[in-house]
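Residue numbers (our numbering), protein chains in the order written: chain A, 1 to 312; chain B, 313 to 624.
Straight-line Cα separation of at most 20 Å, SDA-like style, residue types lysine to any residue; simulated pairs: (1) B:K447 x A:G250; (2) B:K549 x A:F218; (3) A:K237 x A:F259.
What the hints contain is simulated information worked out from the structure, not anything from laboratory work.
Computed from a predicted structure; not experimentally measured.
Protein chains: 2
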Amino acid sequence: MKIGLDIMGGDYAPKATVLGAIAAYESLEPGETLVLIGDKEQALPYFKEQNFNPDNVEFVHTTEVIGMGEHPTKAITQKPDSSICVGFRMLKEGKIDSFASAGNTGAMLVGAMFSVKTIPGVIRPAISSIVPKLKDGFGIMLDVGANADCKPDTLLQFGVLGSLFAENILDIKNPKIGLINIGEEEEKGNLLTQATYTLMKDTTMFNFVGNVEGRDLFNDKADVIVCDGFTGNVMLKLAETFYILTLKKGFKDEFFAKFNYEQYGGSPILGVNAPVIIGHGISPPEAIKNMVLLSRNMIQTKLIEKITSAFK
Amino acid sequence: MKIGLDIMGGDYAPKATVLGAIAAYESLEPGETLVLIGDKEQALPYFKEQNFNPDNVEFVHTTEVIGMGEHPTKAITQKPDSSICVGFRMLKEGKIDSFASAGNTGAMLVGAMFSVKTIPGVIRPAISSIVPKLKDGFGIMLDVGANADCKPDTLLQFGVLGSLFAENILDIKNPKIGLINIGEEEEKGNLLTQATYTLMKDTTMFNFVGNVEGRDLFNDKADVIVCDGFTGNVMLKLAETFYILTLKKGFKDEFFAKFNYEQYGGSPILGVNAPVIIGHGISPPEAIKNMVLLSRNMIQTKLIEKITSAFK
Chain A
1 MKIGLDIMGG
11 DYAPKATVLG
21 AIAAYESLEP
31 GETLVLIGDK
41 EQALPYFKEQ
51 NFNPDNVEFV
61 HTTEVIGMGE
71 HPTKAITQKP
81 DSSICVGFRM
91 LKEGKIDSFA
101 SAGNTGAMLV
111 GAMFSVKTIP
121 GVIRPAISSI
131 VPKLKDGFGI
141 MLDVGANADC
151 KPDTLLQFGV
161 LGSLFAENIL
171 DIKNPKIGLI
181 NIGEEEEKGN
191 LLTQATYTLM
201 KDTTMFNFVG
211 NVEGRDLFND
221 KADVIVCDGF
231 TGNVMLKLAE
241 TFYILTLKKG
251 FKDEFFAKFN
261 YEQYGGSPIL
271 GVNAPVIIGH
281 GISPPEAIKN
291 MVLLSRNMIQ
301 TKLIEKITSA
311 FK
Chain B
313 MKIGLDIMGG
323 DYAPKATVLG
333 AIAAYESLEP
343 GETLVLIGDK
353 EQALPYFKEQ
363 NFNPDNVEFV
373 HTTEVIGMGE
383 HPTKAITQKP
393 DSSICVGFRM
403 LKEGKIDSFA
413 SAGNTGAMLV
423 GAMFSVKTIP
433 GVIRPAISSI
443 VPKLKDGFGI
453 MLDVGANADC
463 KPDTLLQFGV
473 LGSLFAENIL
483 DIKNPKIGLI
493 NIGEEEEKGN
503 LLTQATYTLM
513 KDTTMFNFVG
523 NVEGRDLFND
533 KADVIVCDGF
543 TGNVMLKLAE
553 TFYILTLKKG
563 FKDEFFAKFN
573 YEQYGGSPIL
583 GVNAPVIIGH
593 GISPPEAIKN
603 MVLLSRNMIQ
613 TKLIEKITSA
623 FK
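Next comes chain A alone, as it looks inside the complex (with noise of 0.2 Å):
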């Protein structure tokens, strides 16, 4: 198994990718590769630091960098030795199991939906968050951003993914899957929602439990919620508000320590046909060992195969 990450993504790149890695590395069992990606003179420095042996990984030179700010399809095509589009390159090849990067998120989206591409049926891959859950575990919410506006059916298929991914990474049976709306009742929400109910009321694909509310985000009502990707991507950001009011206010929780995306690392692209994971921009050594690990997991439990199989 071959785990590719990109070293020069992410605000604190390359050092915080480096440490990451060399954290990651620790976790890995005899077979699992980690394949670094970047630029190898830039990394040197950290792994002497610490004392690691660079032959404890495999590297991949390259020379250029997508930046954070950049336009991703442009940035795709202008900058193919760029780690980002080398990442994809390898991936696609299969010279790579799973490529992940804490960098630009829209040149990781594009570039995933470009090279690896879209898995069969599967109208929109769909970016996904997990969520920490209050009485324990994580739940998983998407869209939260790729698709700003979605039609019934690539909602309902949403549903699919994240029962597969519930059921697989998170280890949860029979995942409860909730769409999120504005009211319990079926008649209730928008042209877009009301449709869904309609899709998802008889679907035989996965356990819906009904329309959930933004209330509900947190609490055992649904282990999978999801959502278009405008209302998802506005929940996670009011979310995350809260969280780093709670850190700024010096209030200590077990629950709301959860909310610390370090611990699992970074968001998957579901729909593509490789495990592809997105990093926080900020993502500090402990995140990046996370989405290792969440790469290894994902390519572990087969979680593309199953995504595949399930929309022939």
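We have chain A already, so just place chain B on it with the hints.
Just chain B now, kept in the frame of chain A:
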């Protein structure tokens, strides 16, 4: 000035509403009269208990109540002597200058639109929600649930309504209007927000400051947050969850305390021909009192006249 209050509305009515009315009375000036609408027999014992002279307020006896779970339009049609129906009839006939209730939200919305009706030129009235700001004071978000599907021109009008409310009721000079979106740049968003941005950036009707994100609800980027009623409702319920969590976990903080809706009493429906306020179902006396004082403020500042001339 006659301030109408439904004493049958809310989960703790009529006790909470009558106690709230008594508390509000203490803050009223000569010439400001509270008109209580509801079952007089049920209210009198609470007046007696509080040694409050019933002659301090006007009373309009009603025999029916619209329950919290009833279908709004049906209930409005079938219960003409309910406190909500009588209140709106009086408001339409000019017998009261404002009407507030912590009862059935849908019935309040339908009642307002059927009786005093939408202000000429306003496409759709909006339910607004007062939101606390981290620095100090309050802002306003609209729509939070009256319109699950919106068009760009409707959102543009919400900007006008919110701007006038912020200026007149929240005392903010030249209020900053922000559009909820999933990125700051003009081209970001879904079809609705992209088209709305184009309208808003050219408007002279208010001070548009551009896109704001989920993370900006409580900061100073915008005083008025404009969004469709689906997004607003989901955000509001998510924000409430956090407030409830901080309470449950015993976090005490000045900012989080401002989430307590008791402080501002209720959510004004903006865009109808009279001041109408919907209170939270679980309103205690303090919230009812502040709903009455907000009603007075809306009458005193002639907010409705100002909105009407803005749409002429």
